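2 protein chains.
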Amino acid sequence: MELTERRKRALGPAYELFYETPAHLVRGQGVWLWDADGRKYLDCYNNVASVGHCHPDVVAALAGQAATLNTHTRYLHENVIELSEKIASKMPGDLSVCMFVCTGTEANDLATRIARTVTGHKGMLASEFSYHGNSTLVYTLSTADSDERPDWLALFEAPCSYHLAFEGKNLLDGYVGSVRNAIGDLQNRGQQPAAIIIDSIFDCPGTIEAPPGYFPQVFKTVRDAGGLVIVDEVQAGYCRTGNHWWGFQHDSAVPDIVTLGKPMGGGHPLAGVVTTPDIAARFAASSDYFNTFGGNPVSAAVGKAVIDVIDAEGVLENVTRVGAHTRAGLQQLKNQYDIIGDVRGRGLFLSVELVKDRDSKVPAASTARKMADLMKDEGVLISTHGRYENTLKIRPPMVFSKENADQLLAALDVCLGRL
Amino acid sequence: MELTERRKRALGPAYELFYETPAHLVRGQGVWLWDADGRKYLDCYNNVASVGHCHPDVVAALAGQAATLNTHTRYLHENVIELSEKIASKMPGDLSVCMFVCTGTEANDLATRIARTVTGHKGMLASEFSYHGNSTLVYTLSTADSDERPDWLALFEAPCSYHLAFEGKNLLDGYVGSVRNAIGDLQNRGQQPAAIIIDSIFDCPGTIEAPPGYFPQVFKTVRDAGGLVIVDEVQAGYCRTGNHWWGFQHDSAVPDIVTLGKPMGGGHPLAGVVTTPDIAARFAASSDYFNTFGGNPVSAAVGKAVIDVIDAEGVLENVTRVGAHTRAGLQQLKNQYDIIGDVRGRGLFLSVELVKDRDSKVPAASTARKMADLMKDEGVLISTHGRYENTLKIRPPMVFSKENADQLLAALDVCLGRL
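Keeping their order, the protein sequence lines are chains D and Y. Under the working numbering, the first residue of the first sequence is numbered 1, with each subsequent residue one higher. Under the working numbering, the first residue of the second sequence is numbered 1, with each subsequent residue one higher.
In case anyone wonders, no lab produced these hints; they're calculated from the structure. Since this is a predicted model, take the numbers as computed values, not measurements. Cβ coordinates follow ideal geometry from the N, Cα and C atoms, glycine included. Mixed in with the good hints, there may be bad ones.
[Said to hold, decoys possible] Each computed DSS-like pair below joins lysine-lysine, with the alpha-carbon atoms no more than 27 Å apart:
| no. | chain 1 | residue 1 | chain 2 | residue 2 |
| --- | --- | --- | --- | --- |
| 1 | D | 402 | D | 40 |
| 2 | D | 220 | D | 90 |
| 3 | D | 402 | D | 370 |
| 4 | D | 361 | D | 402 |
| 5 | Y | 220 | Y | 90 |
| 6 | D | 370 | D | 356 |
| 7 | Y | 8 | D | 8 |
| 8 | Y | 169 | Y | 40 |
| 9 | D | 90 | Y | 86 |
| 10 | Y | 8 | D | 86 |
| 11 | D | 8 | Y | 90 |
| 12 | D | 334 | D | 356 |
| 13 | D | 40 | D | 370 |
| 14 | Y | 40 | Y | 8 |
| 15 | Y | 361 | D | 122 |
[To be verified] Derived list of chain D stretches under chain Y, where covered just means 3 residues or more per stretch with a C-beta under 8 Å from a C-beta of chain Y:
| no. | stretch |
| --- | --- |
| 16 | 18 to 25 |
| 17 | 70 to 76 |
| 18 | 277 to 288 |
| 19 | 292 to 301 |
[Claimed, not checked] From the derived model, a few chain Y residues whose C-beta atoms are all more than 10 Å from chain D:
| no. | residue |
| --- | --- |
| 20 | 24 |
| 21 | 27 |
| 22 | 128 |
Excised from the complex, chain D in its bound form (with noise of 0.2 Å):
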């Protein structure tokens, strides 16, 4: 039976493939993937393989501990400790104290548990078309693929500079105003806010990021009504924004839980929560925490690695370097291509908005679809996201090259000459 139809079969219809011809893939090295018949792709897409697919060292530390110990985290093991360690001297602030879980969901999810331990409240404010997971509670939190909406969340509007949510209003205001009517909306349904949980970069609606001021100015407001602040850094934490190793750390405020996950173990199942020792300790007077696999011996020893590759490869350096040039040059690409209607992001975590007429904005979204397939052909993976779809999504491992970026622009200059 042939591979599609066997997949079908024994996965069942809710789980979806990329690309109109989907992708068999086979191999991969560093930003290198290959497919089943030996051709190469550049790899633009996949964040999950952070510093290079298959990086020796991440591959050694993985199979030698596992050929050494793998239990769990109701023993003694340096290899946890030591993690958090490695993770909480990244961290600004008070941000001290890790939780281990094995995915991004897991994360979101328990960081909602604490938010609203510590607090009593229940409420939760989210952004509209946010992604923060799976799990029952997290989905409804993820805005954009659930229609759930429980009396105790209340969305507010990220803060796209390009499809202004308000008029007559400075930016500023007028999305931290945002934020404010949903506290509002919650203490009408008698609820208070728990939490925000909020990215800091905003990705499901096609990478926005928050204007100067935003994050302080949200997050007081957030305090002031006696909720927690949760930054989802899921996709934007470990370098990947350049200049810094969280996203939020692009201003000047800080949270009081932050959310890790795909990154973390370059491929491997990890994610984490970061809080303080004061909100971790009012955590635990109520409740306990264990999670059978997460924290375990393995998987810590390749957390620890992707961060060691981090720092020893400049990995942050690169980002920073490389994200700009490849900025620039998607911007330049932009002053030949009407269809590009606005470049977004910062470092590695790059989205071009094509739109069929640059005064009216209408999203383009089966030509992004398009431009996937014809990138694919040329040799380059990338994908689409966004709020309306027609988002090109460029996120690949953080050891991207100027060449690598070179041979990315080259073909967005093919295919977008094709169209």
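Starting from the known structure of chain D, fit chain Y onto it as the hints suggest.
Positioned in the frame of chain D, the structure of chain Y alone reads:
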């Protein structure tokens, strides 16, 4: 700084450790674990290391695939398909569609989401003193830990034949009646059952085996009320109970949804949901599903290797044989020591309940904790659990030999003699 102190700082106080003097383990092989001082322990606790610690085939599959490719299920890859087909080949009836996640928690959360989507109901039935995981939703279904009792949740009594929940009724009528009453409770609150979530051996209350006929009657009762049956095999699955691959196969009824976890990756974060093509299709009609790490090529390679080892090494037959031998030995100890009130379980999923007095059945909880510490001093790792915290939990890696069992039984004899 001392390791325990560093750990407390790094992970916060919500993390607990086993034993009065925590075990600092550094190496594992088969059924053996070694601590930092070079002391060797017989592992009679860790079911996650299902085919033994650091099984070379499992480590090789992990290391080999991690060095080759690790992406996700939005590209085609053989491994996830082959893993699903292997699991389906071990399942009875129509249970042929697998969806992959990273933890038992995620599996039970997704199973609940599927049941709710497919039935259009919200109500859930869970047993008293259950544990199904720790997402916000699943924690609520974990009635041993959570004290939240939302209107969509109704509880039934696990069919314990030692501590009877009913007087003047036969076992089956009493306990099936408890499920019927729980459905009535839901309906009185205007809720209809989406599903029952039920262990095939009730783990958390202290390894309770259902009497013959219980599962068929319970499944029918729930289905008659419009609900689905989710059997949680996170603990009992993968040959753990002997004679059969799955715990529910000790009786004749087949569930609608089965959840898998702990033993599935031999320590690697791998879990899953198995259901019928019909239910999978009805779920997919209104929802897609994607889990970043779930079913990735590395996780799936590990999952395949575990099944292959079970088949190649005759692990199921070993569990059946050594489990019966161990249980007989525990019964023998019961004849010698009055403190043993009951011996329960199947295969290598065994429990010994300690009581102060056989007539009154008053739980000997502090003695059970002391026994775990004494056993550790004797070089044998066990733990405690149970509704009254007075039950010794014995769940070794499934490659446990008759000789290993005799060492366990001898150590129990020594420690019981010292009480």
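Against the structure, the hints:
With a CA separation close to 18 Å, the supplied pair residue 402 of chain D and residue 40 of chain D stays within the 27 Å bound. For the given pair, residue 220 of chain D sits about 23 Å from residue 90 of chain D by alpha-carbon distance, which is consistent with the 27 Å threshold. Restraint check: the Cα-Cα separation between residue 402 of chain D and residue 370 of chain D comes to about 26 Å, which is no more than 27 Å; the hinted pair holds. Pair hint residue 361 of chain D plus residue 402 of chain D does not hold up; C-alpha atoms about 31 Å apart against a cutoff of 27 Å.
At roughly 23 Å between alpha-carbon atoms, residue 220 of chain Y and residue 90 of chain Y fall within 27 Å of each other, so this suggested pair holds. Simply put, residue 370 of chain D and residue 356 of chain D have alpha-carbon atoms about 14 Å apart, close enough for the 27 Å limit, and the pair holds. A threshold of 27 Å between alpha carbons decides the hint, and for residue 8 of chain Y with residue 8 of chain D the separation of about 46 Å lies outside it, so the pair is violated. Distance hint between residue 169 of chain Y and residue 40 of chain Y is unfulfilled; the C-alpha atoms sit about 49 Å from each other, more than 27 Å.
The suggested pairing of residue 90 of chain D with residue 86 of chain Y is violated, with an alpha-carbon distance near 43 Å, which exceeds 27 Å. Proposed proximity of residue 8 of chain Y and residue 86 of chain D is supported: the alpha carbons are some 15 Å apart, at most 27 Å. Between residue 8 of chain D and residue 90 of chain Y, the direct Cα distance comes to roughly 19 Å. Compliance with the 27 Å bound is thereby established for this hinted pair. A hinted pair counts as satisfied when its Cα atoms are at most 27 Å apart, and residue 334 of chain D with residue 356 of chain D qualifies at roughly 13 Å.
The hinted pair formed by residue 40 of chain D and residue 370 of chain D meets the criterion: a straight-line CA distance of about 20 Å does not exceed 27 Å. The straight-line distance between the Cα atoms of residue 40 of chain Y and residue 8 of chain Y is roughly 26 Å, inside the 27 Å bound, and the hint therefore holds. With a C-alpha separation of about 41 Å, the suggested pair residue 361 of chain Y and residue 122 of chain D falls outside the 27 Å cut-off, and the hint is violated. Residues of the stretch 18 to 25 of chain D with a Cβ under 8 Å from some Cβ of chain Y number 5, which satisfies the need for three, so the listed coverage holds.
By the rule of at least three residues with a Cβ nearer than 8 Å to a Cβ of chain Y, the coverage given for the stretch 70 to 76 of chain D holds, with 7 such residues. Here the stretch 277 to 288 of chain D counts 7 residues with a CB under 8 Å from a CB of chain Y, which clears the bar of 3, and the coverage holds. Only residues whose C-beta sits within less than 8 Å of a C-beta in chain Y count toward coverage, and the stretch 292 to 301 of chain D has 7 of them, enough to reach three; the restraint holds. For residue 24 of chain Y, the shortest C-beta to C-beta distance to chain D comes to about 4 Å, within the 10 Å cut-off, and the non-interface label is violated.
Against chain D, the non-interface label of residue 27 of chain Y is violated: not every CB pair exceeds 10 Å, the least being about 5 Å. Non-interface call for residue 128 of chain Y relative to chain D: holds, since the shortest CB-CB distance, roughly 20 Å, exceeds 10 Å.
Hints 4, 7, 8, 9, 15, 20 and 21 from the earlier list are contradicted by this structure; the remaining hints agree with it.
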